[in-house]
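Colleague: Based on the hints, put chain B in the right spot on chain A.
Each chain is listed here by its residues.
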Amino acid sequence: MNDVILNMKNIHKEFPGVKALQGVNFDLKRGEVHALLGENGAGKSTLIKVLAGIYIPEQGEVVVNGESHIMRNVADSQAHGISVIHQELCLVPYLSIAENIFLGRERTAGVFINKAKEAEEATALLKSLGLDFNPNTLVGELSIAQQQMVEIAKALSVKSDILVMDEPTASLTDKETEVLFEVIRDLKAKGKGIIYISHRMSELFEITDRVTIMRDGQYVGTVNTRETTRDKLIAMMVGRELTQLYVRDEPKPGKVVLEVKDLVDAPMVNGVSFSLREGEIVGMSGLVGAGRSETAHCIFGISEAKGGEILIDGKPVKIHNVREAMQNGIAMVPEDRKAEGLVLINSVGYNLTLTVLHEIFKGRPLGDAKHEREQIERYIKELAIKTPSPEQLAENLSGGNQQKIVIAKWLATEPKVLILDEPTRGVDVGARAEIYGFMNALAQRGVAILMISSDLPEILNMSDRVLVMYQGRVMANLGKHELSQELIMHYATGVSD
Amino acid sequence: MSDNKLQLQTQNGVARYFKENMGTLIGLLVMCAILSFTTNGVFYSSRNLINVLRQVSSNACLAFGMTFAIITGGIDLSVGSILALAGTLSAGFIVNNDMSPAVAIALAILIGTLCGLFNGYVIAKTTIPPFIVTLAMMQMARGAAYIYSNGQPIRVDRLKIPSYEIIGTGYVGPIPLPVIYMAVFLIICVLLLSKTRFGRHVYAVGGNDKAAIFSGVNVVKTKMAVYTMSAFLAAFTGVVLCARMSSGQPTAGQSFEMDAIAATVLGGTSMSGGVGKIGSTMIGVLIIGVLNNGLNLLGLNSFWQQVAKGVVILLAVYVDMLKKKKK
Numbered sequence: 000m001n002d003v004i005l006n007m008k009n010i011h012k013e014f015p016g017v018k019a020l021q022g023v024n025f026d027l028k029r030g031e032v033h034a035l036l037g038e039n040g041a042g043k044s045t046l047i048k049v050l051a052g053i054y055i056p057e058q059g060e061v062v063v064n065g066e067s068h069i070m071r072n073v074a075d076s077q078a079h080g081i082s083v084i085h086q087e088l089c090l091v092p093y094l095s096i097a098e099n100i101f102l103g104r105e106r107t108a109g110v111f112i113n114k115a116k117e118a119e120e121a122t123a124l125l126k127s128l129g130l131d132f133n134p135n136t137l138v139g140e141l142s143i144a145q146q147q148m149v150e151i152a153k154a155l156s157v158k159s160d161i162l163v164m165d166e167p168t169a170s171l172t173d174k175e176t177e178v179l180f181e182v183i184r185d186l187k188a189k190g191k192g193i194i195y196i197s198h199r200m201s202e203l204f205e206i207t208d209r210v211t212i213m214r215d216g217q218y219v220g221t222v223n224t225r226e227t228t229r230d231k232l233i234a235m236m237v238g239r240e241l242t243q244l245y246v247r248d249e250p251k252p253g254k255v256v257l258e259v260k261d262l263v264d265a266p267m268v269n270g271v272s273f274s275l276r277e278g279e280i281v282g283m284s285g286l287v288g289a290g291r292s293e294t295a296h297c298i299f300g301i302s303e304a305k306g307g308e309i310l311i312d313g314k315p316v317k318i319h320n321v322r323e324a325m326q327n328g329i330a331m332v333p334e335d336r337k338a339e340g341l342v343l344i345n346s347v348g349y350n351l352t353l354t355v356l357h358e359i360f361k362g363r364p365l366g367d368a369k370h371e372r373e374q375i376e377r378y379i380k381e382l383a384i385k386t387p388s389p390e391q392l393a394e395n396l397s398g399g400n401q402q403k404i405v406i407a408k409w410l411a412t413e414p415k416v417l418i419l420d421e422p423t424r425g426v427d428v429g430a431r432a433e434i435y436g437f438m439n440a441l442a443q444r445g446v447a448i449l450m451i452s453s454d455l456p457e458i459l460n461m462s463d464r465v466l467v468m469y470q471g472r473v474m475a476n477l478g479k480h481e482l483s484q485e486l487i488m489h490y491a492t493g494v495s496d
Numbered sequence: 000m001s002d003n004k005l006q007l008q009t010q011n012g013v014a015r016y017f018k019e020n021m022g023t024l025i026g027l028l029v030m031c032a033i034l035s036f037t038t039n040g041v042f043y044s045s046r047n048l049i050n051v052l053r054q055v056s057s058n059a060c061l062a063f064g065m066t067f068a069i070i071t072g073g074i075d076l077s078v079g080s081i082l083a084l085a086g087t088l089s090a091g092f093i094v095n096n097d098m099s100p101a102v103a104i105a106l107a108i109l110i111g112t113l114c115g116l117f118n119g120y121v122i123a124k125t126t127i128p129p130f131i132v133t134l135a136m137m138q139m140a141r142g143a144a145y146i147y148s149n150g151q152p153i154r155v156d157r158l159k160i161p162s163y164e165i166i167g168t169g170y171v172g173p174i175p176l177p178v179i180y181m182a183v184f185l186i187i188c189v190l191l192l193s194k195t196r197f198g199r200h201v202y203a204v205g206g207n208d209k210a211a212i213f214s215g216v217n218v219v220k221t222k223m224a225v226y227t228m229s230a231f232l233a234a235f236t237g238v239v240l241c242a243r244m245s246s247g248q249p250t251a252g253q254s255f256e257m258d259a260i261a262a263t264v265l266g267g268t269s270m271s272g273g274v275g276k277i278g279s280t281m282i283g284v285l286i287i288g289v290l291n292n293g294l295n296l297l298g299l300n301s302f303w304q305q306v307a308k309g310v311v312i313l314l315a316v317y318v319d320m321l322k323k324k325k326k
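So the protein sequences, as listed, match chains A and B. Numbering-wise, numbering that gives the first Met the number 0 puts 209 at position 210 of the first sequence, and it's gapless, one number per residue. Numbering-wise, numbering that gives the first Met the number 0 puts 84 at position 85 of the second sequence, and it's gapless, one number per residue.
This is chain A alone, in the form it adopts within the complex (with noise of 0.2 Å):
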């Protein structure tokens, strides 16, 4: 039984007014992958911490390669063998690759930091990890992903035995998440312990050897991944049977709302053309850059087409900021809804109403309290977000509820066009399926749908129409009944017949 190499035992962790960990179990073997599952809000994240040793629990155990010891601080963690790569990067934007990599830990000669070691050694890291990056690079020059795999070098330079890894493929591209599980796999192999969180199924059942189940910050149970199937995982999670995520009717598709003539914006966007009908999802499908929210940019008047034509029901408007979008119709979820839907720190019901103040304030300089909050309350049922109440942070809110928020603050505006950009991105399984439940009463109710998605299930049972974008352009328009992952992966990588 020597294989087990940190054991976490009924660990309670308390919060005001949140028992957020009431006796939850973990325990990790030598070469072994680990998920940790639950919704958003369980306490996966805060288990982490405990573990990293950013949280001190009120109750528990751990043990560490046969030793117990709570971790005091993340320094104490480390040393224990123990690395965590976080969901939100913390990397320094303005430091180079090598730098951040040993930030902390940096390799010196006397005084003086020694940088050609800390640029061979991050080479080889990065190397192992198939990237060619040159290490003197900036991290702030680097894409999301990109940062996302130099902070999964950072944490393997530390030599750990035990690995966390949360969300690790949220920003990924699916070539890049191939890279991630060879080195997952690699790295088992070599005796390491990774403790991996994801929403994504998929990926569970492709990485994993075990899942650890959480809920409402109890502890529900683990299974060995190759003898459990998806559905079970869910109603465990969820705590009852998820007969159906994907809901979608018979489109009634009405007239054409909105239509894009050869839409340039270089170099993102290169001659966009598409139509949009009542009552219609229309999926957008295509790789990273390939100009997907760019375009919608153009549209919600976030930039500025340089050439082309948009027209709302039949008549060519010309857009210029986002005021003017709204204006004609035209709602839009940003792909971050940290950075673009939401004012985090303010709280729910001022993010609610942000998009419709010049209701709220109509002829009264003083606003109408009343209707306001009529209207937060409205929405807070309507899309059942759970808040304790409409003065609650929105930051305090997790990621579905937040997207809730984002979702709700749209429709308060009556669009007839809804640009939704990746809806479900971080989401819980049981908040996705609601937010997959309004999209199809939206359009059943007459409102035009355009969703960006780079998750391909999503896509393929959601859309009415798909279209796939390649290199600033809509490569394919494809129709309900021909949908399959293999064409629009064939459109989406600029493969043109």
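What the hints contain is simulated information worked out from the structure, not anything from laboratory work. If you're wondering where the values come from, they're calculated on a predicted model, not measured in any experiment. Some clues are possibly wrong.
Here are the simulated DSBU-like pairs of lysine-lysine, each with C-alpha atoms no more than 30 Å apart in a straight line [said to hold, decoys possible]:
(1) K194/B - K361/A
(2) K159/B - K322/B
(3) K276/B - K209/B
(4) K337/A - K194/B
Modeller: Just chain B now, with coordinates in the frame of chain A:
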């Protein structure tokens, strides 16, 4: 029924104000209590209390503007200089151009306000940090005040034109006019920030300007309005201060921006933007004012007052951070 609910809301508002500002309010009360003992009650004489309010009135007006600027994630270092420029111009227009005080004052405040509009325009339209833009304006406005006045105070004859002086020295009943101005601006600013659409936008720009843009908030307009307003308050204050002395002083308001920032920060406004309240800033203003007044009454020299002010700021902000961390 709905009236009932509304009342609950306002009660909550008052209760919340006390709860949010517990630390600074206790600090202020403790200071007052100590002063009432050590000064044998002089501190609590109505004359002295009114005096304190008059002394803090100029810093209060500047701090209100500063609070708006800091909540948008910026800062306004130019207020002290704009204050001097507007004050000097108002006196100069009367003396040099034979303008009536009303016209002179209006014109001086307009010019000061335009300085703020310029600040706001540059800050909103370029990526130059507000710190730099307003630092530049601080130099330019101060320089302009010196150039216009040749570095000398411009005296307005009290006997010939008494109406100018009254703006600074007048009373309504027992209350000095500057205190009235402060009260009016306090109410306007509280309402603006907490109850209007503009106020919402100010919080959005500072809290997450990207999300603000994505929500259709006019970030450019919001920033321009904030710096214009801050400059207007500074120019108004400058005119009142110079009127009080019946003399346009190009050296007026030196390092006033620092006191305004100190009061704002004491009130719990976050230097990184998105958080802050005018009512809390007012407490910060009073703490600094009472400290100055008390140390004066105790006969401590002004050099020590500065040291004391520094210590209080550091302590207060530290305590505030501990409180927030606990949450």
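Colleague: Are K194/B and K361/A close enough, with their CA atoms no more than 30 Å apart?
Modeller: Holds - the C-alpha atoms of K361/A and K194/B are around 13 Å apart, at most 30 Å.
Colleague: Is the hinted pair K159/B and K322/B satisfied, with a Cα-Cα distance of at most 30 Å?
Modeller: With a Cα-Cα distance of about 56 Å, the restraint between K159/B and K322/B is violated, given a limit of 30 Å.
Colleague: Hinted pair, alpha-carbon criterion (30 Å max): K276/B, K209/B. Please report holds or violated.
Modeller: holds (22 Å)
Colleague: Is it true that the CA of K337/A sits at most 30 Å from the CA of K194/B?
Modeller: holds (25 Å)
When the structure is compared with the earlier hints, a violation turns up for hint 2 alone.
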